[in-house]
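Undergrad: Chain by chain, the residues run as shown.
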Amino acid sequence: MKINISRQHIYLMALSFFLFIFVLVFSFGVLIPQGKEYRIKRVELKKLSKELRAYKNLHSETAQTLQDLRSKNRSIITAFDATFNPERFEKQNKQYFSSLKVKEVDFSKVEDQFAIYEVNTTSEISSPTNFYKFLDAVNKSDWMIEVNFPIDFKRDGEMIKSSFKMKVYCNNNDTNATASSSEAK
Amino acid sequence: MMKYSYIAPKRKSILTEEMQLLLTFFAITLFMLFTTFSFLLYKNYSFNKDKAMVIKEKQRLEESMGKLQADIAFIEVQKALSERVYTKNTVLKESITNLFDLIPTRITLSRAELLENGLILYGITPNKDIYNFMLQAPLRSIFHRTYSSFYAQENGWLRFVSTNYIDKEESIDEN
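Residue numbers (the numbering used here), protein chains in the order written: chain R, 1 to 185; chain D, 1 to 175.
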């Protein structure tokens, strides 16, 4: 039996075959791996975006917390930033004393990120009540001041001569330290 | 030229109907394949770009977050220190108030030295008994060690120096 296939049909079949093979090879060799990669990357990006969103929320919350802390503790932060000014201190607190003199401001040490200055003062008060008022006022002053020992009260006629030490705390940075020491001079 | 047919011969084309059908079919298939391939290529490129952006953004946020947390920690330290300082000042005020309240009216103080762990009082008392009962007794209940010395005055009154100390180790043990 003789199969009679025209040359035209042979060309047609060969072309179909080659194109079919090309489609198969292209699909399995290129398209499907690319599709897999696409799927993996899409999932990965979705996960990363979700993480980023969560992190952004956390960041906003932290920024808000910082903002709240700053506004609640504004006076404290300003007090630590402020450079001690003996003249201004005397001016602000002279109402509690008959006389008040800041004798010397010395850099003491650095402790827990804070520079500590020791300030020696001498003063005269008419009654201890004024000293209590001064101690109340110190907690509301422009600087972070701790009234420290030794404190000496000495009767001098109707007045009480007092001398005491104060520790002034401020943020430890070079500019602040330089400014303070220069003002102390 | 001699003719063998009554109809005019048609020119044979390579694009027969079957061939056209086949090419159309494959053309559509290939078009779809390449379109899909281009789409995937573009998307993968876009994903890579977005991923790099997300990572960069996250790094930026992490740096910023580190700074925010450091700022928060520093403010917390400042707050704790300020509370400690304010408490110390308040306690000092109360200590001085208590000290002056402690002095009986019959005894006159001429000087008071408040030390880190002690108190030195200078003053005048009419006699030792008043000093012992009205000043030394309460001082003994506050301080661990109390020493007193007296100097007689011309008017019969006594000038006294009272030195009082709190032992640090004991006070730590008590806490």
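Please keep in mind that the hints were generated in silico from the structure rather than gathered at the bench. From a predicted model like this one, the values you see are computed outputs, not experimental measurements. Idealized CB from N, CA, C, for every residue including glycine. The reader is advised that the hints may include incorrect statements.
[To be verified] Distance condition first, Cα-Cα at most 25 Å in a straight line; then the derived DSS-like pairs of lysine-lysine: (1) K168(D) with K109(R); (2) K72(R) with K67(D); (3) K91(R) with K2(R).
[To be verified] Listed next, the stretches of chain R that the computed footprint assigns to chain D, with coverage defined by at least 3 CB atoms under 8 Å from CB atoms of chain D: (4) 37-44; (5) 75-81; (6) 114-124.
Undergrad: Taking the hints in turn, state whether each one holds.
TA: Hint by hint, here is what the structure shows:
no.	hint	in the structure
1	K168(D) with K109(R)	holds (23 Å)
2	K72(R) with K67(D)	holds (19 Å)
3	K91(R) with K2(R)	violated (125 Å)
4	37-44	holds (count 5)
5	75-81	holds (count 4)
6	114-124	violated (count 1)
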